[in-house]
Amino acid sequence: MIIDILAGAVRGGTSIMYAGLGETVSERAGVVNLGTEGAMLVGALGGYAVTAGTGDPWIGVLGGALAGALLSLVHAVLVVSRGANQFASGLTLYFLALGVTALFGAGFVSRQINAFATVPVPVLSEIPGVGPVLFDHDPLVYVAYVAAPLVWWVLYRTRVGLLVRTAGERPQALQVHGYSVTAVRYGATVVGGALAGVAGSHLSIAYTNSWFENMVAGRGFIAVALVIFAMWNPLRIMAGAYLFGAALSLASVLQTAGVAVNQFALNLVPFVLTLAVLAVLGRRTLQAAPDELLRVFDSSRAA
Amino acid sequence: MLRTRTVRAAVAATVAAAVVAVLAACSPAASGASGGGAPAAASDVAPGEGATKIGVIAVGPRDDFGYNQAVHQGVEALRAEFPGIEVLDAYNIPEDDTAATTMESMVAQGATILFATSYGHLDAARQVAAAHPEVVVVHQGGLLDPAPPNMGTYFGSVYEPVYLAGIAAGAATRTGKLGYVYAIPIPQTLANINAFTLGARSVRPDATVTAVSTTSWCDPATQADRTASLLASGVDVMTQHQDCTKTVIEATEAAGAFTVGYHADASSLAPEGWLTGSEWDWGPLYTQIVRTAVAGDFVGSEFNGNYRAAMAGGENPFVASAFGPSVTDATKALVAAAAADLAAGGSPFTGPVLAQDGSVVVPEGETPSVDVIEQMDYFVEGVVGTVS
Amino acid sequence: MSQGTRAGTQPVTQDAPAGVDPPPGPTSWPSRARSATAWLPGAARWAGALLAGLVVFSAFVAANGADPLAVLADIWTSTLTQPGQFQQIVLRAAPIALAGLAVVVPARAGLVNVGGEGQIVVGGIAAAGAAMWLTPFSSVGGVLAGMVVAAALAGAAWAGIAAALRLVVQVNEAVTTLLLNYVALYSMLFLILGPWKDPAALGQSTSVELVDSVKLPVFSGTSIHVGVVLAVVAAAAVWFALTRTSWGFRLTVVGGNAEAARRAGLPVVRLLLTALLIGGALAGLAGFLQLAGMEYKLRPTFGLTIGYVAFLASWLARHKPLPLLLTSFVLAAIAVSGNSLQIGSGLPAASVNILMGLLLVTVLGWTSARKERA
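Here the protein sequences line up with chains A, B and C, keeping their order. Just so we're aligned: the first sequence equals residues 1 to 303 in the UniProt record's numbering. Just so we're aligned: the second sequence equals residues 1 to 388 in the UniProt record's numbering. Just so we're aligned: the third sequence equals residues 1 to 374 in the UniProt record's numbering.
Any given hint might turn out to be false.
Now the stretches of chain B that chain A is said to cover, found in silico as 3 or more residues with beta-carbon under 8 Å [said to hold, decoys possible]:
1. 51-64
2. 215-227
3. 244-255
4. 379-386
Don't read these hints as lab results, they were simulated from the structure. Just so you know, even glycine gets a beta-carbon here, dropped at the ideal spot from N, CA and C.
Assemble the whole structure, with the sequences as input and the hints as a guide.
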């Protein structure tokens, strides 16, 4: 049962992890994107449609990433170039994405695609316990194992990462050194959107093999909350995403085991868990937050 | 300063006045509407008589390999049957006041027969029926007590083919563990799960059906998670009650387990593991309802109430799907025998039926009526899971 | 003092430094009122934004293989030329406006309330609960009063959770209100599929329908219930409170620069708390309106998307209560048009979300002068 929950955590947490990593990149540069939910939606449809068209799910993932990047580009234009409120813009794009995917997705509901299949890792998947939890999944789950450390490495060990973080902490410093804050923020937002698009693709072409209107069902919003409680650290995102995955999977495993728990109470677990963690970590997360983000989060910080 | 305030107040007053004007403007408009509707109601034309337009609303997309696709096929049947009648169909209509406004606009476009096809469209259907006595409104799957003269509900005995599919599932399972991924514990679903379980246990007495809920009619990611969890627990025959069925079927097929379908023939999604299923064939019933209404005979007809077609009458619109490759002749014979029994008036729920806790819910020899079955709120013995 | 008047009309966005000119637009009266021509660029900008939204929407529609002109004509005729539709729009606009006010008030203090969706649901739950418990003991007036109070208190309490998290542990309220929406939804599902399920509903998962006497009466000859007046009155009251009281003035000061407000001795915490609580109460009232005026019972889709649409409406109106009535009407019209949209052109009803989204994208981005970052 524990193994089932953990295996479910890894499966279900993967899309949240990709989205959370994307949001981390974006927020590290000082841009909050509530449109992550929308970027996941267009990513789910984009990934599905491209896979249906090309027959290759790997190209599909690229399609999903591109769709997510495009939607987030609109966000970047609005908030970076036009100074629009970040929360309002993000939620607007979520709505836009709902409509666009409903319109263009109608024809894909019944399409069958050549989706990602489960690929057990030879030898490793045979290890009792660890095997089914970590090494018996679709390829995007394995890529995610690498993605989180990679994003961490880029953010903390490369020049690009330094630029992104400086855009979020001390944009004036970037200007002093002749870099464009605007360009860095555009880049971070678009890359963040691309990762959210990959997250959506994982849902549609690896996890469920289907496209359906509004199929992301709040997972993108969870990812945004996750970034706060992971304190903008990609490695903590990884842990947090699996924790969420476990919370989601708990409902399945407990029901399967016949444990008499109310279904709706189980649905609440991931959301209440997040709120509880935020309540406990609250002040500590603020110390870890990029300075520019604090201005966005908190115009009345003096309170 | 003073000037600024005055200007501001003036603008505010203007806006307020505009709002009041807007509000006032709507009342003459509305009385015009009801005035327009009144003559039709008062005339001698029976509801739906001589209809030239029909409206159909569905809660999901027209190609979901499921419930709504079946509605769409019914719509196509209507179009083929009545070339002189225009059928307005609208999909993805949520079960809120959108349903009522959509039907209202269909009426405004001239529709005088309306089909509201989702369980949760019932209140909207009632509301529209009450506002337009000249329009026939029929609802798919609900119950009315009593039915107004221009309204009715219709459905098939869904649990009958599900019971038959349960027999095929019980014969196929090796582990004795069957899985049921359902959406929300409404009575119709509970009746299906129970019928499936009774069918399976009629041929495999130790079989259990693990029923897990997704709390949504279509949330593919949650479906995927539930399915994986069931498969990991040793379930080797999977069925479901969801609006979109693709995710569960493909995941089951990929795991090498058997699939029992629901809503539509999805054997193309599970070429190896498809056992059988239950699917809708609304065409004949839709046609019958429309014919009755167009002729002006709706009021007082069997459709002007809670019409339930069952296998006993040979006209259940919910029928068993074709068998898959692995179903043996012996199993087919078992299913055929049970089908013959149902056609002769038998019921899956003929007592004794025990609840999960072993208490008797249907005493020996008794057969609950359709109304009672459609208000079921418990699981029978052999189901693993909790209602609510 | 004149400083205060300016601040009182300033757009409140997180990154708008105090002292920036208010955006041009039909609602920014004090500075624009100086000359009639100053309205023009703003109006032109709005017209351009609307046009751009329509053009992009048309492109989407065309890309999907439908005739955009026919679709737009369809939207136009189905929403604006049919009397019944007009009433539908007004009925839908009322809760949107109330829930929009729930965004307006906190926004004045620089807070982002994305929790209208959940606050409406808990307002509806509380109103339904009050009706259930009070009906046996109380007169109609008493029941209705109880429902109103319960709905407002529940909405306020729900927003209060986010307020507490914001003020005690400084967690951003946009994120928490968003998460609380889901908690509210699942709590309602639990109730209507469990303890509150109407045994007489013949299997439908709904709460017990309100008795006829506590359903809001309609204006004679129409289907518009009197609750619509509540939305208008609330908008006027919020307008008055924000622009004519010292509380509103202080709130705006906090929203402009909290640090300065604190130094000036304003009770910042209390102001932020009241702003969110009042916002929540207004959204709770929207839940009451939806229950007593529209749906009469809780069902799984109770109040669906009203909170999000209201959020957009508030931003369209730049958080000004009276223009909010107009933007609520416009968004309600777009929502209603979605239903007839697919009857005529076979497009999914949710396609109109594109129009709503594009409208706000253009308005957010291009109806105000670019704001310089500090």
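Going down the list of hints, with the structure as the test:
Counting residues of the region 51-64 of chain B whose CB lies closer than 8 Å to any CB of chain A gives 3, so the stated coverage by that chain holds, three being the minimum. Note: the region 215-227 of chain B has 11 residues with beta-carbon separation from chain A under 8 Å; the three-residue rule is met and the coverage holds. Chain A is given as covering the region 244-255 of chain B, and this holds because 6 residues of the stretch bring a CB closer than 8 Å to a CB of that chain, at least three being needed. With a threshold of 8 Å between beta carbons, the proposed coverage of the region 379-386 of chain B by chain A holds, since 3 of its residues qualify and at least three are required.
Violated hints: none; the structure is consistent with every hint.
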